[in-house]
Amino acid sequence: MKPRTIRCGVACFLPLVCTLLLSGCWDRTEINDLAIVLATGIDYAEQKVQLTAQIFIPRESGSISSTGSSEGSPSGVTMTRTAEGSTIAEALNRLQRKVSREMFWGHCEVVVISEQAGKQGLREYIDFLLRYPQFREHAYVFTSGGDAKEVLALMDPLERSSAESLREMANLGLGARVTMLKLAQSIASPSGTAILSRMLVSPADSDQKRVTTPYAKGISLFKDGYYVQTALEPVSVGVLLLSNELNNFIMPVKLDQVEGTLSIRMNDVKTVLTPRIKNGEWSMGVHIKTTGEVVLNTTDLVLVNPLLRVKVEDAWLNRFKELAEDALRLARQELSADIYQFADKFRRRYPQSWKQRQQEWPAIYRDMPVEITGDVVITDTGQSIQPQGEPRQMDD
Amino acid sequence: MSQRKQSERNNEGTAIIGRPEIDEAKLRDVFSGCSDIIFHSFQTDSGLFAVCIFCVGLCDAERIERQVLRPLAEAGGGSPAVSSSQLVFTIEEASQAILDGLALLLVEDQPSGSVFALSKNIGRTTEEPAAESTVRGARDGFTESLESNVALLRMRLKIPAFKSKSLTIGKYTNTKVILAYVDGIIAPELVEEAERRLARLDIDSVLESHTIEEGIVDERFSPFPQMLATERPDVVVSNLLEGRFVILVDGTPFSLVAPITLSSMLQSPEDYYQNIYISVAIRWMRYIFYLMSLLLPSAYVAITTFHQEMIPTVLLLSIARAREEIPFPALIEALIMEVSFEALREAGVRLPKQIGSAVSIVGALIIGQAATSAGIVSAPMIIIVAMTGIASFMIPRYAASISTRLLRFPIMLLAGTLGLIGIMLGIILLVIHLSSMRSFGTPYLSPIAPTSARRLRDVWSRTLPWSKTR
Amino acid sequence: MLPDQGKISASQLAIMILPAILATAILSIPSLTMHYAGHDMWLSPIWGSVVGLVTIGVSLGLRSLYPGQTIIQSSLHILGWLPGKLMGLVFLIFLPHLIGMIIRSYGEFISSNALPDTPLVIIMGTMTAVCAINVRLGIEVVGRTAQVFVALLTFLLCLIFFLLIGELHPEELLPFMEDGLLPSLKGAVAPAAWFSEYTVLAFLLPFVHSKKNVVPIMLTSLVITTLAMVTTNLFCLFLLGDLTSSFGYPMMIAARYITIADFLQHIESIIIAIWIFGIFVKISVFLYIFAITAAQWLGLRSYKPLVFPLSYMCMAYTYWIVSDRPGASNLLGPSAHAYTMLILMALPTALYLIALLRNKGNGKSKHQAEPQRS
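Chains as they are written, first to last, in the numbering used here: chain U, 2 to 397; chain P, 13 to 482; chain C, 1157 to 1530.
No wet-lab data here; the hints were simulated from the structure.
Only a predicted model underlies this, so the values are computations on that prediction, with no experimental measurement involved.
A portion of the hints provided could be inaccurate.
As the list claims (entries may be wrong) - Reference excerpt, derived from the structure (chain P facing chain C, CB under 7 Å, subset only):
(1) P324
(2) M399
(3) S447
(4) M449
To be verified - Rough simulated footprint, nothing fancy, chain U against chain P, three-plus residues with beta-carbon under 8 Å:
(5) 163-169
(6) 263-275
The C-beta atom is built at its ideal place from N, Cα and C for all residues, glycine as well.
Work out the full structure, taking the sequences as your base and the hints as a guide.
Following this line, the structure appears as structure tokens:
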């Protein structure tokens, strides 16, 4: 380009650039003008939706030259603010009025919905959380037995915030690992059901009431987007098992005619559901595949012997079957809810048959034969070969 | 072209007649007031009047005496024992020759003067270039003397195809310039184009090769260098063998190589003198750091101001904590720190060597620490600026780092206004500019665009000597 | 050696076309095809590529009949002066409409996803200005910038795909052919409209200094485009399943979903970068075609003076076509696809058929080329 053209172009461009800067950068928000929300809680009381936000407090501790180590969370790293409204969107708006900085939901990694709120139906919450631009689809969703705001108000002594501890717990696989997207998908599927981990507040160890952690206890079950029931142990184990969400679990196994119990820690439980339609007869096959490690042995069995191991594996598989059957009974007989997404499997595998008999699904589901098979292997018996800790064990 | 060539062609100018007294008077007239021009009259053995005129600073008087004066004064008549001698026919030529450092000999009854090249070296000897040192590789560099520079090249290219064409540029400085290339490798049109552009130059003085560079490049108003300025003969030779030419200028050790591409700016000669794995790894690191030196502060400003959701939560919380007490927005903070860093860098160049390093290290630390303690800038910003500085030092060619230093600021402004979109726009504009640039006809971004698969090998990894393709 | 001659290589052309089609495709097509085709959405681009094949064939055919001439020039020879000029006029009216649509959808996308408070005119204006500068500098610069950005695009897109692998559920491929073949064919209308944009070849082939055979390069480009669309669809399907059609931009949701080792999160800004680079090439290519068309239609020697006024006209179009955001999504409805395909595919095909018939009638007289000046 000729120099004169360049000069003209630059001369015209520069004022434009300056006006850009003078009029202000429209979307600019400094970090210190943001209220960073770490977790969201949804409650329902007195016909109003209550939205709670756990906000991070960026407090500088002392002078900057010392590598500031704030003494743990009890010094108030997070705070909660609650607002209510007739819809969740209105509650969000009211919430902003209580906070001096712009609420930033882009880092909200945890959503806690109380069971009360769940009873009103998840549809409103899911639509809002997936539609509002800032929320993460990868946020983990939990329910809480009590109020969600109680869980969010906790000052976790170990982690930075209770949101962090909830998230880490989900990562560890304690309970069901459900993200917002997965929740929406399972409710949108032909089954219309969902499961969520339920959180409770453990009692505080010191006299500061809030300094404690949340813990997972039970599974909340949702049918057609509404909360119906909580499943506690041992049924919840079966629920998780059939939903392919069971991990980080140690199972006690008892053999017939043998004193004492074994405890087996499972690695990687995989449950595969295979739908079958034979001669118009609908059935479902459940195949459980896992390996395990014996961590406790109070029987006299020396497990090096492969025949004994096979016996233990059989007993273990039986235990699995019991759990699965209990869970199925809960879903089919008690709740009539397709919690384990059987319908989805049939739709994928047999789309034509599904289209034909879709209307009769509740009846089919209730009476469908379910065959439970398994492939369980004990791979390890720990450090010891023989049972330990037995009195006079070395006398033999 | 220069006046001397003109006068040679037209044969203008006052002729030298065979009368040394008159010629000497004319020359004294030309050089009146120049106390460094010596006029030495004597008689040869055969009784002829002769005058020897030379510049005392440029010529080696001892050799003149020994090789010119003594043989002439010897009994039996001799001729000067000098290997190189030429004839001049006009006063103008003679005076130019004297100014070029040659010794002029006028003898009675000869309508021409002889000039002898008996100059002494008044510059420094070859030493390692200060700005382009390598761990492994030759340690000689160009000096201010044009002859020794050409000699260094000739030493490495012992083939007759290595041509060196001589020109004079500069009305008042009459600087000698040499255009060198390897005949048969370089494209003939390129040589013609180079000569044409050099001929077109009409400047008063040439003090540094940059004056010539500015005059002959395609794009005058680009921050990116279009000719490679280097002090290393091995760099020049390898470029000559790739079909480029070099312009050597008397009085400066910096030679100009053209045509070049962006990737030449990011290559260091050491890449070819070391193990291939480390060379490729460091080359890639250099590319990444080049981008970093351009984009890092802008990316930081854009992400912390517009796209906070991109930052990992833990990092965001610690940045929020660090920025809590800072009064300035991120963009202003970045500008302050970058400007002070540039100032520090520039000041460091001027400092005398003894206190330079101490002041820069301690100064940077103290300023950084103090700024953070005073709450003017936040610790993450200091880290960003430090990383940017380190990244810009990784660029092997100083000329290329100028471009990033300059362009960093507009991109920062764009980032502060429009966030990542602004950075993208800045990158797009930059790529447009680079794509439209040609260096003596070669597109600046080749071999990336237009893509040439053969040459691309040398960009993403370096070629091995036996697989090098032209 | 010499200044710009206004020629690009065949591979540069192929590289330019890739984002010219894919830039808007990767964002809109998953949602559109899912809407009609359900879980068979990944088949739709394959059916749609047939349209691409036809369009490439027509463009190459026109080139072999009238080498060195763009479709605007050859239409004068094929149809005669007045009908030819009329057809040129049709293109002249369609092109700013198309470019306006593209710029508007760019603006809406950026505004809704990255810069909500910035005025739309700034977002769209800066991009238009940058593209205008690019086009003004010549087709060679457009080609070179396209090469640089397509390399970046490919890298970033592959990075996104790679990072998403851990979150995919391949069982979403089922149910397969739930309602037979028809849904995937219905879904193919949208990709077909995008594939009909291969008509840009008819405008740009004269500028290629054809040392190599152009046909295999173009076919490779078609295959790559189809593959890219299919892969995008598959990724969205595997990640989002049935919900794909419920989101406006499924690829954005997919990019937001990536979280690796707790530190790589919310990198939808990479998608935005891909989008911006791709849109830049797309708008540049279409703006160049517009400028060339206008220059040739008006009989001007060089298109360069027209570039800035024409881009200003396109900016005016962006405001003219729709007034609000939901209206903008109507731009991607089936009527829009039919409109695009009519002008970009049906018209050139008709032109080509008429040319064939005329040439058969005239005993295959080939018309010579006028050298192109850019």
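Checking against the hints above, which ones are violated? 2, 4, 5 and 6
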